[in-house]
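Q: From first to last, the protein sequence lines stand for chains P and G.
Mapping the first sequence onto the working numbering, position 258 (from 1) lands on 258, and the numbers just tick up by one.
Mapping the second sequence onto the working numbering, position 130 (from 1) lands on 454, and the numbers just tick up by one.
Quick caveat, the hints were computed from the structure, so don't treat them as lab data.
Check the hints yourself; a few may be wrong.
Here are the simulated lysine-lysine pairs, DSS-like style, with alpha carbons at most 27 Å apart [unchecked claim]:
1) G:K370 - P:K218
2) P:K187 - P:K218
3) G:K579 - G:K370
4) G:K366 - P:K219
5) P:K304 - P:K240
6) P:K140 - G:K530
7) G:K413 - P:K219
8) G:K370 - P:K219
9) P:K140 - P:K218
10) P:K140 - G:K439
11) P:K53 - G:K590
12) P:K53 - P:K11
13) P:K218 - G:K579
14) P:K218 - G:K551
15) P:K174 - P:K187
Quick look at which bits of chain G chain P covers, simulated, 3 or more residues with Cβ under 8 Å [said to hold, decoys possible]:
16) 361-375
17) 456-462
Restraint ranges, calculated between C-beta atoms of paired labels, are given here [stated by the list, open to error]:
18) P:W295 - G:E431: 21 to 31 Å
19) G:Q524 - P:A175: 25 to 35 Å
20) P:V230 - G:Q589: 39 to 49 Å
21) G:E436 - P:V7: 58 to 68 Å
22) P:T134 - G:K530: 34 to 44 Å
23) P:T134 - G:A452: 39 to 49 Å
24) G:Q524 - P:M13: 25 to 35 Å
25) G:Q589 - P:E39: 46 to 56 Å
26) G:K530 - P:A283: 17 to 27 Å
In this text, a Cβ means the ideal position worked out from N, Cα and C, and glycines have one as well.
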Amino acid sequence: MDSAVAVAKAKLMQADANGMSLHDHLSATVAKIIAEDPENPLEVFEQISLAVKKQATLPRKEYLQTTPAPPPPELVGKRDLFRAKPELPEDAEFPNVVEELATFENLGTGLVRDDAYVLKASMAKLTADKGLRTVRFFGKILGTERDYYVVEGAYAEEPEEDEGEGEPPAPDPKAVPPEENGTGVNKFRYWVCNELGEPWVELPMAKPAAITSARELKKHFTGRLDAAVVAHPPFPGTEKDYLRAQIARILHDTYVAPGGMFSFEEDSEEEPKPIVPTEEWEAPEPEEMAEPSAWVHFYSTILKVGRVSKPPKEEAEEEEEEEA
Amino acid sequence: SSAPQHLAKAASTATMTDATSGGMFDLACHALGYSFLSPEAKAAMKVSLPVLQSEYGFRKMYVWGKLKGMSADYIIAQGVTHSLKEDGKKFFYCLDGASWAQMIEPEPAVVEACKMIPATAMLTGDAAFQYTVTHEVPEGEEPPENPEDLTVTITEDVRAACMVKEIDAAIAMVPVGAIIQDPTLGVPMANSTFAGLSKQESLDLKSWELLAGLSASQQLAGSLKSKHMPAHSLTVLRSLSWPGFCAFCVPSTDKWGYIYVGDGQKNSDIAFSLP
Numbered sequence: 001m002d003s004a005v006a007v008a009k010a011k012l013m014q015a016d017a018n019g020m021s022l023h024d025h026l027s028a029t030v031a032k033i034i035a036e037d038p039e040n041p042l043e044v045f046e047q048i049s050l051a052v053k054k055q056a057t058l059p060r061k062e063y064l065q066t067t068p069a070p071p072p073p074e075l076v077g078k079r080d081l082f083r084a085k086p087e088l089p090e091d092a093e094f095p096n097v098v099e100e101l102a103t104f105e106n107l108g109t110g111l112v113r114d115d116a117y118v119l120k121a122s123m124a125k126l127t128a129d130k131g132l133r134t135v136r137f138f139g140k141i142l143g144t145e146r147d148y149y150v151v152e153g154a155y156a157e158e159p160e161e162d163e164g165e166g167e168p169p170a171p172d173p174k175a176v177p178p179e180e181n182g183t184g185v186n187k188f189r190y191w192v193c194n195e196l197g198e199p200w201v202e203l204p205m206a207k208p209a210a211i212t213s214a215r216e217l218k219k220h221f222t223g224r225l226d227a228a229v230v231a232h233p234p235f236p237g238t239e240k241d242y243l244r245a246q247i248a249r250i251l252h253d254t255y256v257a258p259g260g261m262f263s264f265e266e267d268s269e270e271e272p273k274p275i276v277p278t279e280e281w282e283a284p285e286p287e288e289m290a291e292p293s294a295w296v297h298f299y300s301t302i303l304k305v306g307r308v309s310k311p312p313k314e315e316a317e318e319e320e321e322e323e324a
Numbered sequence: 325s326s327a328p329q330h331l332a333k334a335a336s337t338a339t340m341t342d343a344t345s346g347g348m349f350d351l352a353c354h355a356l357g358y359s360f361l362s363p364e365a366k367a368a369m370k371v372s373l374p375v376l377q378s379e380y381g382f383r384k385m386y387v388w389g390k391l392k393g394m395s396a397d398y399i400i401a402q403g404v405t406h407s408l409k410e411d412g413k414k415f416f417y418c419l420d421g422a423s424w425a426q427m428i429e430p431e432p433a434v435v436e437a438c439k440m441i442p443a444t445a446m447l448t449g450d451a452a453f454q455y456t457v458t459h460e461v462p463e464g465e466e467p468p469e470n471p472e473d474l475t476v477t478i479t480e481d482v483r484a485a486c487m488v489k490e491i492d493a494a495i496a497m498v499p500v501g502a503i504i505q506d507p508t509l510g511v512p513m514a515n516s517t518f519a520g521l522s523k524q525e526s527l528d529l530k531s532w533e534l535l536a537g538l539s540a541s542q543q544l545a546g547s548l549k550s551k552h553m554p555a556h557s558l559t560v561l562r563s564l565s566w567p568g569f570c571a572f573c574v575p576s577t578d579k580w581g582y583i584y585v586g587d588g589q590k591n592s593d594i595a596f597s598l599p
């Protein structure tokens, strides 16, 4: 009988990796209950036991001597945005970011309220740094590793193209040429970042081959602009080109305005005529606006070739055909 | 005996649910990537869910998420007596955050019929909308006298109930150790001494389990992506098979949860869409 008790006690006194034994722990727990005399010790027994365990594993010397971990760069980036006071260019049209996002928040699909303020600061910095004339929050695209925040913007005047290092690669004569910056699907430029507070990275221009290929794909984004887009037939580019193509398709398919709010400027001699707000347009009643027919697409549909306007070579061929 | 007293005590101390408390909602939004409840709906739920909880005697209520429809979204909540793993938990839906309706417990025949609704048919947003499906005559059998016997009409609220049950069973997950079988009551209960997953554990799929007990690591390879967001001390698991589903936790704390905000459809193209 005694040996059974001795065996049991020996088991209880086995020390674990941290040097604690069940026997010690039970003794300490009971001692704590006696010392603190709680009202209903049975009810809170587990909490007391847990507290004893936590006290036993207080930081050892090595923990006390470690240097604190550096703050997460995301937080530092956001903090710096709040501190910065960027000077916007005089003619910049800067939207009321917080108010616009609050509208979406009220619809039950918006950024977390705090992010609206960070986004505003981030967009102001981009506008000031690049000297943009217009800027707009396009949206957020979720990725498997990281997400993308996307901002749309335009310069007052298209900047000169840098030659960069060496010659740019010769354009493929068979490929449909992309629309020039400031026109068609490339009317705006797009910048992205994974986390607000990080620097904005400009996406390449939208290319017709990428748009036509993207129509056949359904791929998740990773959040890395240089990630390969694995598909068959092969996608002409990396994730940044796929992202840019999808942005073009989304914009041209979904950007709508109330019918009648804008119209072509009849007096203009530009081709195509610019779109301007209609003078003396009055918004219809909300019930009317709830009908899809009350809205119109703002941008032209992207043609099958992956551009909004016909490529110049095709037009030349058509002229030859007509003459012949 | 002590068991009935334990239950009675639990119900009487059921306090204001933390379902809509700022902390958990913000974590869910960061996990999802955006805010999915309007401030007005959130304010309504802060008062309507505790009332609902009292009416049904739930120990706890959770915001399950949203099913998106074309003209309106359905906000979904669930109420439990013991834990998220229990058989008898109840689901509720509403449009405004204030007027909740209990979702039915669909019969197997109804679940089968719902599966016949084409995946391309989005929820309309009208709970009374009627879907009509036609059963095929099994091979070798005579068609019934009345052809109408083959057609089944399902209202959208029933379809939504089927979607919620399917998603909850297929992908809803909790940290391993957070809910354990209570030896006295014989039901799965929240583990009151669960101290949370470490950051490393939280990123490992083996530390998460589906409600029925299957490990999350058994999911289709690559379809469940985990990441840590240092800015919010948050680990997030997002499903690519059920886009819109996230499980999340704050490592080394007992703050964890799951949320679904989506159209209710499985991503059947996942083999192609995985990067």
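Q: Sort out whether P:K218 lies within 27 Å of P:K140, counting only the CA atoms.
A: holds, 17 Å
Q: Tell me if the straight-line CA distance from P:K140 to G:K530 falls inside 27 Å.
A: The hint is violated at about 30 Å.
Q: Given the proposed pairing of P:K174 with P:K187, does the C-alpha separation stay at or below 27 Å?
A: Holds. P:K174 to P:K187 sits at ~24 Å (cutoff 27 Å).
Q: Would you say the stretch 456-462 of chain G counts as covered by chain P, given the rule of at least 3 residues with C-beta under 8 Å?
A: violated (count 0)
Q: Given the proposed pairing of G:K370 with P:K218, does the C-alpha separation stay at or below 27 Å?
A: Answer violated: G:K370 to P:K218 is near 39 Å, above 27 Å.
Q: Between the beta carbons of G:E436 and P:V7, is the distance compatible with 58 to 68 Å?
A: Since the Cβ atoms of G:E436 and P:V7 sit about 59 Å apart, the hinted range of 58 to 68 Å holds.
Q: Cβ-Cβ distance between G:K530 and P:A283: within 17 to 27 Å?
A: violated, 56 Å
Q: Between the alpha carbons of G:K413 and P:K219, is the straight-line distance 27 Å or under?
A: violated, 36 Å
Q: Is the Cα-Cα distance between P:K304 and P:K240 27 Å or less?
A: holds, 21 Å
Q: Would you mind confirming whether the straight-line C-alpha gap from P:K218 to G:K551 stays at or under 27 Å?
A: Within the cut-off at roughly 22 Å; holds.
Q: In this structure, is the beta-carbon distance linking G:Q589 and P:E39 contained in 46 to 56 Å?
A: holds, 53 Å
Q: Within a Cα-Cα threshold of 27 Å, do P:K187 and P:K218 meet the stated pairing?
A: Given pair P:K187, P:K218 holds - Cα atoms ~25 Å apart, limit 27 Å.
Violated hints for the displayed structure, listed by number in ascending order: 1, 4, 6, 7, 8, 10, 11, 13, 17, 18, 19, 20, 22 and 26.
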